[in-house]
Amino acid sequence: MLCEICVWMLRGRRGQIFGGTLGLHFVHHDSAESFWTSVSRDCSICRVLGDEVGANFFSALQGTNLNLDRASLDLRSQAHLSVVNPASDDSNPVFVYRLDFTVELAGIKFRRTFVLRPTDFGELQPRTPISDHMYHAEVLGLAKTWIQKCKCVKQQGLRQDQYPTRLINLAELKKMGTIDLEEWKYHGAPGLTELQNTTVNMVETKDLDELKLESKTYVTLSHKWGGTDKPARLTNETYETYRQGVKLGSLPKTFQDAIRFALRVDDSVHYIWIDSLCIIQGDPDDWLKESALMQKVYRNSFLNISATAAENSGDGLYSERYPQHLWEDVVSLDVDGLHKGTHLPLPAQSGFSTNPAVTSSAPLDKEFTHLAKVRSCLLLDVSSWEKLVNQAPVNKRGWVVQERLLAPRVLHFCRGRIAWECADVDEIEGHYPNIPNYQLIGDEIYEGIPIKGLKPEIHGQKLRRNRLRGEDDPLLGNTDTLSPIVHSLELWARIVEMYSRTDLTEKKDKLIALSGIAHRMATIIETSRKLKYVAGLWDADEHLVSQLLWHVEPVCRGDTESGGSTLEYPSKRPKEYRAPSFSWASIDAQYGNGITCGDVLSPEGILVKVPQDDATTGSEIDTDVWGKSVFVQCKTENEFGLVTGGHIRLEAYLYPVKLQREGMHYYWSLNVSNSAGDEARKERHYNVCLDCPGDDDQDSQLTDSEEIHCMPVAARLSRKSTDLICLLLERVPGHPQINTWSENYQKRTFRRIGFSKLSLTFDHLTWRYIAKYIESPSGSGNEEHGKQIVYII
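In the UniProt record's numbering, the protein residues as written are 1 to 793.
It should be emphasised that the hints constitute simulated quantities derived from the structure, not laboratory data.
Ideal Cβ placement from N, Cα and C applies to all residues, glycine included.
One or more hints might be untrue.
Stated by the list, open to error - Quick list of in silico lysine to any residue cross-link-like pairs, SDA-like style, CA-CA up to 20 Å: (1) Lys507 x Lys151; (2) Lys154 x Arg520; (3) Lys787 x Glu651; (4) Lys174 x Lys151; (5) Lys396 x Lys373; (6) Lys151 x Lys373; (7) Lys609 x Ser629; (8) Lys387 x Ile793; (9) Lys253 x Ser268; (10) Lys174 x Ser215; (11) Lys396 x Lys154; (12) Lys572 x Thr596; (13) Lys151 x Ile458; (14) Lys151 x Pro450; (15) Lys532 x Glu639; (16) Lys109 x Glu214; (17) Lys109 x His80; (18) Lys787 x Asp614; (19) Lys452 x Arg299; (20) Lys455 x Thr502; (21) Lys253 x Glu214; (22) Lys508 x Ile793; (23) Lys175 x Lys154; (24) Lys154 x Glu214; (25) Lys747 x Val625; (26) Lys387 x Lys455; (27) Lys720 x Arg469; (28) Lys720 x Asp473; (29) Lys462 x Lys175; (30) Lys507 x Trp287; (31) Lys373 x Ser332; (32) Lys635 x Pro736; (33) Lys452 x Asn466; (34) Lys373 x Val94; (35) Lys575 x Asp697; (36) Lys216 x Ala232.
Stated by the list, open to error - The following label-pair restraints were derived from C-beta to C-beta distances: (37) Lys720 x Leu293: 43 to 49 Å; (38) Gln633 x Gln160: 43 to 49 Å; (39) Ser700 x Trp287: 20 to 26 Å; (40) Cys152 x Thr722: 28 to 34 Å.
Can you make the complete structure from the sequences, with help from the hints?
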């Protein structure tokens, strides 16, 4: 249901203004009273905009002197309507209408985007939820429908060694009968009291008779810890208590809800795996052993139940909801003049019309000319998946990323609805089967690619197209196909970017919390040799260097008092060593925008070289370690787990630079002394993304340093720009890893501190100076300046 203002804007073009760009521009609401009235009347558009403002308003005003009564503040909203093609495959374009809103309240701007997808109703399979709570049988029924349609799990028994080490046994509960989720009681049982007093117990699967395990499945639970006075945890002290059994009612509410749901979802489910009850807490040996088995635990499960919206284990799975918010919204849109050369069939061509007197077989009279340009469109909020699933509390936990990816399917209990993930499809209650799950990535709209989709030839290829955003693929050259490893690295880049936006209670777990999915990726990446895992990167022949080009974008925040904006650098370096500085795993970027991975670039544009291992580097160093070009020291036998050291050895050009700060902005200039660099030294390069300036530049350690160098890594040419991509390095003489080396070798050793791009248009003097010493993009060069063996640790 839309309010009168939205109806008139979309169908009658009321409020249209000149916007100066393609598409149509509108004044939406011109006052706070008008806007909040539409929100209170449950307009499907204004309600979502109101939620966006409400969720961010008070945090945006924190620390200012502005009145916090939003209803009394000036408010204005505008809309922009355009035509886009969100399909990954340009050979089969599918045009939809994009509707962007900007709500400005007290000088703060909030944005939200919708898709209006033309529909003929025949493709819809409308569902009408009526329950106001998620424990209703209709929610269970939808979950069962998704499970029955899914082909990602083979319905067959597991071998004993395929089960987790420990499980929670639900046998006593199974004996009591089925659970009525709506009434919260058992059929044929005394009721809730007896249910709460029924015991569940932890079992060691090695002690179970294999025949008893036959055809019995288990589910897993993803949840946020905390929220109860007496946390339920398996420890060496509570081990026997859990072996004997504990009352269901003594467990946190989320655990209770998950167990009840597990018993109802499928008859084959006899066990549940919950991390805090199946891994011995406080026992480092058991933790290391079990964390290495996460791939098996989740991949062999029947289903992962995710307490997605719960802030802690005391919140439970279920929440109240407004069922009418899950009903479809079909709106009427005047599309006259919108197409601008795109082929979008009008209603008479596609077999439907908004006017009952007009059909596909009836001729259009002149009186119906304008009506024929009014299209029925499905209203879709492209941020709903991001808000309800990806940004939900449980999915901000670092450990949950591999739980989502490794489990064959995940059932999310979101705020007010359930959602589904498997390798083939993402579904969310209130969305429509057969309709793409459109998502806003950056500022572009794409058809959603299932997060669990790990097929390089399908999902990796689509991700590659999305990342290039219409540019020709520089890796294609004279061929029509790419190496499968490129698409595999696109899958890995998405995982890294998603993981980098999550948090870990124990910062040291950064690599091991992703070890299960890294183990899985090792089997997915197709290559003629086994690829070495390098602390979050892959030693993928010529594509290793491209993986060094990740960066951390600073966060731009609006300043409500000055009307301008400020830059913040919220990333952190852990105090305890965790990974080499060349790896994204060496920093924590979840406080801002996370990590952005570099593109997989053409080898012809790479300007550095990973040389062959060298066993003759001299007696000053341990050649068994430092003679290797790519080396990681693992803490245990788990090559995907914790590391204690590592380096990458490159043949590269280095140029000394001076790093400076101007307000909140960092920039650098060449710091060379020869006359050829006189002009280039005057250029300032502001396209800089420092990794952790808050930690690295304390007391101006970086800006006062004479040890900062620029290392050109790759030249990238595209239709939009020509860039020289560089890493900023700091020489680290006296570092503990190399303090026994000779001075000559210590001078070759650096740590990464940032990323920079030079534009041929705006940074041409420095570009020309650097190019003078590099004869060709293939990497051969003049040894007069800068070329040397470099270690990055």
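Indices of hints not satisfied (ascending): 1, 4, 5, 6, 8, 9, 11, 16, 20, 21, 23, 26, 29, 36, 38, 39, 40
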